[in-house]
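Q: The residues making up each chain are set out below.
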Amino acid sequence: MAALITHSPILIIAIPLLAAFLTLPIGMASKKARNALVIVSLTFVAFLVFALARDISINGIHIYTLGATSPDLTTPTGFMVPVRIILEVDGMSILMGIIWSIVSLAAAIYSLSHIASETGQNRFYTLLLLMVTGGFGMMFTGDLFNLFVFLEIASISGAALIAFRTRSADTQEGGFKYIVVSAIAGLMVLFAIGLLYAQYNLLNIGALAQVIQYTTLDKIALALLLIAFAMKTGMVPLHLWFPDAYSVAPASITGMLVITSHACMYAAFRVCFTLYGGVIDAPVVGWILIVFGLLTMFVGVTMAVYQKDVMRFMSYHAISQLGYMWVGVGVGLAVLGNPALLATYGRDAISGGIFHILNHAMYKPLLFFTGGALFHYTGTRDLTKMGGLAHKMKWTTILYIIGTLSISGIPPLNGFSSKILIYESVFRFNPILTITGIIVSILTLASFTKAFHSAFMGAELPEYKEGKEVPKSMIIAMMILAAGIVFITLFPSLIVDWAIHPAADALIDQGAYINAVTGAVP
Amino acid sequence: MLSKIVRTVTNEFMLFILVFGFYIIAHGHLTPGGGFQGGAVIVSGVVMLLVAFNSQELKKTLHERVLSIMESTGALIFIALAFAGIGTAFCYNFLVGSPIFGRIPATGPNPGDIWTGGVIPLMNFAVGLKVIAGLSAVVLAMALFSSGEEIEE
Amino acid sequence: MDHIPFNFPFLAAALLVGVSFYIIIFKKNLIKLIMGVAMLAAGVNLFLVSLGFRAGGAAPIYTNVTEGPMVMPVPQALTLTSIVINVAVLALMLTMVIHIYRHTGSLDSEKSRKMKG
Amino acid sequence: MRRITGLIALIVLVGFLVWGVLPPIMHDFGYPDASDMDDYIIQNAQEETGSNNVVTSVVFDYRLLDTLGEATILFTAAMGVLLLLRTEKRRKEGS
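Residue numbers (numbering that gives the first Met the number 0), protein chains in the order written: chain R, 0 to 521; chain Z, 0 to 152; chain V, 0 to 116; chain G, 0 to 94.
Just to be clear, a hint being listed does not mean it is correct.
As the list claims (entries may be wrong) - Dumping the calculated BS3-like pairs for lysine-lysine here, alpha-carbon to alpha-carbon at most 30 Å: (1) Z:Lys58 x R:Lys30; (2) Z:Lys59 x R:Lys30; (3) R:Lys384 x R:Lys449; (4) V:Lys27 x R:Lys307; (5) R:Lys218 x R:Lys307.
FYI, nobody ran anything at the bench for these hints, they're computed from the structure.
No experiment lies behind these values; they were computed from the predicted model shown.
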């Protein structure tokens, strides 16, 4: 068990990879065995993630040096600079890992019946597992170039999966836009890595953070990194590709894509707080994040009101919700250099932003899955053609209501507990931000009620009289996420104490991250 | 399908391309090259075959199913070699000092010895297999698809 | 070859990146867009590989090398990785463009974009 | 409108890049500022990995996870291309 924990960071990345390589040969022999392989490997990975989380909450940051004579030997003996790739898992990474393990498991279960009638399933599951690998790699790595490699794995498999249904032109265009944006973002990240490498001859994030000077080249590199990651998360001036790509993918993949955009957001936070934390011009960068975050919130929700396509409508809401996280963490970044303000509300703002990532990662995939269930039942994504579906799809209706209440921040549900944390702390920084947030929240509720009305309420339409509720595995997958929402709703303070505050502290405490790399010579 | 002269020359040259690619893969730890480069050289030979003969003709000998399995095999060998070092750490080069590829060359310039490098030569072969199968499958699939031929799953 | 004026390799890489961004932003043809991405990749790769150069250095391979400084090996490894990644990206992009052409009969990004949001 | 914003963004980006890579800001070509990590690798690669080719020893030993990821990307692309170019025959319901 101890050895399992020691090696768990790389096992979490390598087991889905191994399963992906095995999926095709096994799938050619038997479909049941392939499905079992996918589910079992993802369950085992989820178990490892939770075991690692428990270890981190006891022992602090977990370090794993690949290919060294001992996994905790970060630098070669008698040498001060790390040479090998180091995986570094702290409170923030493991929170993202927990989210990703839950959502990917739910998405795999959902796919079992959602794509059961399509061709090319072996390759679909292979790519799904590769995407899981890419996501975990991005979250756990402590090396900039390795981050780029895993970013590309997640992007390429994601693009191929978006274009999975090749019968229509929309899916191909969505996939094409996604891969062009990912390729450009990836190359910008690579250029920034080159700029940093030119000056310090280092690729490790912790070691770079120790020596970084904030020269002109560092500023250009910071701008490139932030633009690239913001582009991947669909921040507003660069959001046009986002709904096109997210609305055409199979619903299970859309749920996972939401988390990959959170992973890119995590990478942006890692760059701002950990890599540049000591030298960054915090108020300027913080305000940039806040302004674009507000724009993202507002534009996303106003565009969503007009949408008739159910997945497109939800994609715009995803953009809008991502704005809350940028604002929350941006406020925390703006006061990073001021310990007093950081203690009074900065830490709470960061916690609110991170808590909102967790909540969004539960309810947004749930909503996308219900949207996929509607598509599964009716064969269309057009809201105006739906109606009266509550009569037939009881479970889906209940789950949709849970998701709606949660995304609009109705008091007892989990969306409220993170939004109130953001509102309270941001109000002390600048009240306008809170007011905008509340307006956006009201608009969200209004548009989701409208969509609910047009899809579920009213008389049964004749064309949907026949047919049954969606298959069991789709219900189970949605239940997993709904259970997450209910759990957070019931124990918000427990979650904040055990998961959110350690994650926020991990972002703020740059020294611990650096020490784990350069100080841990056994 | 191109003329008989082209086809004959292609057939003859294919052997040299295979040998050269294999040489680049096998000497990856001594001279410039390695699995990716050698694999790409061999795939260029496959592309040459594709130009000289047409894609239907080539499909009789190179089947996607076989290529997919070859690629999976290469990937599995690679990750298995990485896993094999997990006694010390993942990706550990556990063959240095052992009888297989385990010799350590003299530090500084030397003429080179094929039995060095630990797992590196083995990994070069795994990567070479994977690159050959993967890129050929991509090229062949594109050629078949654009000529209107259907591909099996 | 001791001193190259104006950091010429870096400058070439930066200009290549600029030209490719021009193509990506302003050209409507999807194949040209893909060429722009390929050029961007070439520019970034050129930048990376020229970072590792040391004046008068030999290739970092000990087989029958003459004594002297060696250029840095890590940028070359990074460039190798980046090249392979770009091959993969280009293959997938071209596949999608083949499909788009099949469905819409056009390679113009303005014409084929049906839904706008 | 879109053209003008695009043009401004392009000029700013290229301007910064060109300004950034010229000598006072960037190091002179051929004379890097720091090379600790690479010097360590050049000196110890033969002993630690047994490979004469230092680039190969970086690719397959020091940064093996990157190479694993790179090989995975090639695998992903092949899988993606074959997935997208598959036959679209409707199979019967259920698996």
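Q: Keeping to a limit of 30 Å between CA atoms, is the pair of V:Lys27 and R:Lys307 held or broken?
A: Distance of about 28 Å is within 30 Å: holds.
Q: Would you check the hint for Z:Lys59 and R:Lys30, treating anything up to 30 Å between C-alpha atoms as holding?
A: holds, 27 Å
Q: Is the straight-line distance between the alpha-carbon of R:Lys218 and that of R:Lys307 30 Å or less?
A: With a Cα-Cα distance of about 42 Å, the restraint between R:Lys218 and R:Lys307 is violated, given a limit of 30 Å.
Q: Between the alpha carbons of Z:Lys58 and R:Lys30, is the straight-line distance 30 Å or under?
A: holds, 26 Å
Q: Straight-line Cα separation of R:Lys384 and R:Lys449 no greater than 30 Å?
A: Distance ~14 Å between R:Lys384 and R:Lys449 Cα, so the pair holds.
The structure is inconsistent with hint 5 alone, although it conforms to all the rest.
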